[in-house]
Amino acid sequence: MLILKKRYILSFITDIVVYYILFMGLYFFIVNNMGKMPKEEIDKIVSMQIVGYMSWFFFSFTISFMSNGIYNELVEGTFEQLCLTYNSITKIYFIKLLVYSLINTLIIFPLWLLLVLSTGVSLMINKDLIIVFLIMLIGTIGFSYLLGGITIRYKRTGQLAFIISIFFLGTSIIDFSNIPEGLRNVFYALPFTKGTDLMKSTIINGNCVVLKDIVFLSINSSVYLIIGIIIFRLAFSKATSEGTTSRF
Amino acid sequence: MLKYTEVSKAFGELVAVNKLNLNVEAGTILGFLGPNGAGKTTTIKMSCGLVKPTYGDIEAFGISISKSRKKYIKNIGAVLEGNRNIYWRLTPIENMEYFAGLRGISRKKIREKMDEYLEIFNLKEKRNVECGKLSRGMQQKVAICCAMIHEPRILFLDEPTLGLDVESVDSMENIIKKIISKDRIIIITSHDLKFVSDLCNRITIIHKGVLVLDKDISFLESYSDNITYIIETQVLQQEIKNDIHKNFPVYIEDNNNKTQIRITLKEDNEILEILNYLKEISIKLFNIRKVNFELKDVFMDIIKGDNGEYARSNFDI
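Sequence order for the protein chains is A and B.
Take the position in the first sequence, starting the count at 1, then add 211; the result is the number in my numbering.
Take the position in the second sequence, starting the count at 1, then add 738; the result is the number in my numbering.
It is possible that part of the hints are untrue.
[Unchecked claim] In silico negatives: residues of chain A with every beta carbon more than 12 Å from chain B:
hint, residue
1, 227
2, 296
3, 306
4, 386
5, 391
6, 427
[To be verified] Here are the simulated lysine-lysine pairs, DSS-like style, with alpha carbons at most 27 Å apart:
hint, chain 1, residue 1, chain 2, residue 2
7, B, 979, A, 307
8, B, 808, A, 449
9, A, 217, B, 871
10, B, 847, A, 307
11, A, 302, B, 864
12, B, 809, A, 307
13, B, 946, A, 449
14, A, 449, B, 805
15, A, 366, B, 790
16, B, 979, B, 953
17, B, 847, A, 302
18, B, 846, A, 302
19, A, 302, B, 805
20, A, 217, B, 790
21, B, 790, A, 307
In short, the hints are calculated from the structure, not lab data.
The C-beta atom is built at its ideal place from N, Cα and C for all residues, glycine as well.
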């Protein structure tokens, strides 16, 4: 995967630039609409946005890898070659997702640095953030499996991944403390939102994450992982019954 | 041995493969032929575990796909749909390393095998060139290398000559001859019947999901020992056709305001019998010609007969 990233270096750089420009647009919108708010308050809001944005960037890249990645493999005919190895396709994509997540984590750092330098806020990574991130990763992988299953069954799902991605961009910049509790709980039941909110909280307020939140996030992520894998396997089984593993 | 037992596949109402029974011995290069939609690709994909049979079982050297898929798959390598089996942005070496890694082969063994295959497939000079920049023939070769990197005993090649020029087809033929061994089976589907008859030692034809011919390639010689004539006449009424069918070993079809009678004989002078018969009932003759057979003719004969009726009556299947 790293070799492919290297071969598609221009696409990779333009991705980073697009995400950078998108965030800076958001940043200037926030700054220009804050009126006479104290600088500390603005920095706090911007910091929250950076954390939410980076978290969304990671989520968005990972889920689109699964929908676009599987679709590309169907087009190239390599998907069937993967099925011809002794490893199960679920296992192969688990490894692929882990490696891709690792690559995405490495990509986050230069973007993070770029955003911090451009906005002038300081953001420090702490232990709790890493724990939350890792648990959230499980849910993200689960949700990616779900999208992967839909791709195997219905083929072109790039636009679906895009719509989901845009929806979660919205949830990544919302301040959940300002919305009604009932609606907040609905959002927290979704993948990625609770984790992002906790990450914002650990960085901005320096809060330690409480056990209750970790348990909730772990259950949430595990449920998405289990559902994702089940749907992925069902979709693959259906595709082999219908003989559609090479259609795209 | 590769053994198919009552293998069937239905997609809803459509029966793509119907009770396929076939045994392929080690050392065989099997030409698996059939017209478009005959069920070739479905059979190959069932053999690779990519399509689940509706009924029946496939065994590779005694290992059943339904009972032990993982062990079964270890025996299988396949290049499906030509050059669409490799990563075009990776080099031949990277592709081979990737697929070998997925199959759990050690790095040391990968190196040894890669060197061997690069030599056999004449890819040494292109080892570090991205596959997207290689010719179609080279890409096919890389795909075969990747499919063989784990040394499978059964190799499926679906249309290996598709889109290749004459020189590349020749090169592909030589390579397949090099990689066949006493304990390996190679199964080839192709519409290039010359390539198949030159290369394969056994021919199987499937038509409308039914196996209609399964013979050693030498059958072609015995087939051409029979003498076949094609007699073109005015369009015949069904009653007359039935009468001719009763009296002679023929296959009859209407074509462009003519009726074509294809008759297989042991000796040339036997043709006089049917000609006299046609004369007696005052049938107008347009043309008579003797046919020299190639695999193409046999193939056409077989698929012209609905469900292989003609083949069954002539080949004792």
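To see whether the hints hold, each was checked on the structure:
Remark: the non-interface label on residue 227(A) is consistent with the geometry, its nearest Cβ contact in chain B lying 20 Å away (cut-off 12 Å). Some Cβ of chain B comes within 12 Å of the Cβ of residue 296(A); the nearest lies about 4 Å off, and the non-interface call is violated. A cut-off of 12 Å between C-beta atoms contradicts the statement that residue 306(A) is not in contact with chain B; the least separation is 9 Å. At the 12 Å boundary, the C-beta of residue 386(A) stays outside the reach of chain B, the nearest C-beta of that chain being 42 Å off.
The Cβ of residue 391(A) sits about 49 Å from the closest Cβ of chain B, beyond the 12 Å cut-off, so the non-interface label holds. Once the 12 Å rule is applied to beta carbons, residue 427(A) is consistent with being away from chain B; the minimum gap is 37 Å. As the CA atoms of residue 979(B) and residue 307(A) are separated by approximately 65 Å, the hinted pair breaks the 27 Å bound. For the hint linking residue 808(B) to residue 449(A), the alpha-carbon distance of about 19 Å falls within 27 Å, and the restraint holds.
As the CA atoms of residue 217(A) and residue 871(B) are separated by approximately 17 Å, the hinted pair is consistent with the 27 Å bound. Proximity of residue 847(B) to residue 307(A) is assessed by CA-CA distance (about 23 Å); at most 27 Å being required, the pair is judged to hold. For the suggested pair residue 302(A) and residue 864(B), the alpha carbons sit about 32 Å apart, so the restraint of at most 27 Å is broken. For a cut-off of 27 Å, the pair hint linking residue 809(B) to residue 307(A) stands: about 23 Å separates their Cα positions.
For the suggested pair residue 946(B) and residue 449(A), the alpha carbons sit about 24 Å apart, so the restraint of at most 27 Å is met. Under the criterion of a C-alpha separation no larger than 27 Å, the hint pairing residue 449(A) with residue 805(B) is consistent with the structure, at around 19 Å. With a CA separation close to 20 Å, the supplied pair residue 366(A) and residue 790(B) stays within the 27 Å bound. The hinted pair formed by residue 979(B) and residue 953(B) fails the criterion: a straight-line CA distance of about 30 Å is larger than 27 Å.
Distance hint between residue 847(B) and residue 302(A) is fulfilled; the C-alpha atoms sit about 23 Å from each other, no more than 27 Å. For a cut-off of 27 Å, the pair hint linking residue 846(B) to residue 302(A) stands: about 24 Å separates their Cα positions. Distance check on the hinted pair: residue 302(A) and residue 805(B) sit about 20 Å apart at the alpha-carbon level, within 27 Å; holds. Distance check on the hinted pair: residue 217(A) and residue 790(B) sit about 38 Å apart at the alpha-carbon level, beyond 27 Å; violated.
With a C-alpha separation of about 25 Å, the suggested pair residue 790(B) and residue 307(A) falls inside the 27 Å cut-off, and the hint holds.
Consistency note: the structure conflicts with the earlier hints numbered 2, 3, 7, 11, 16 and 20.
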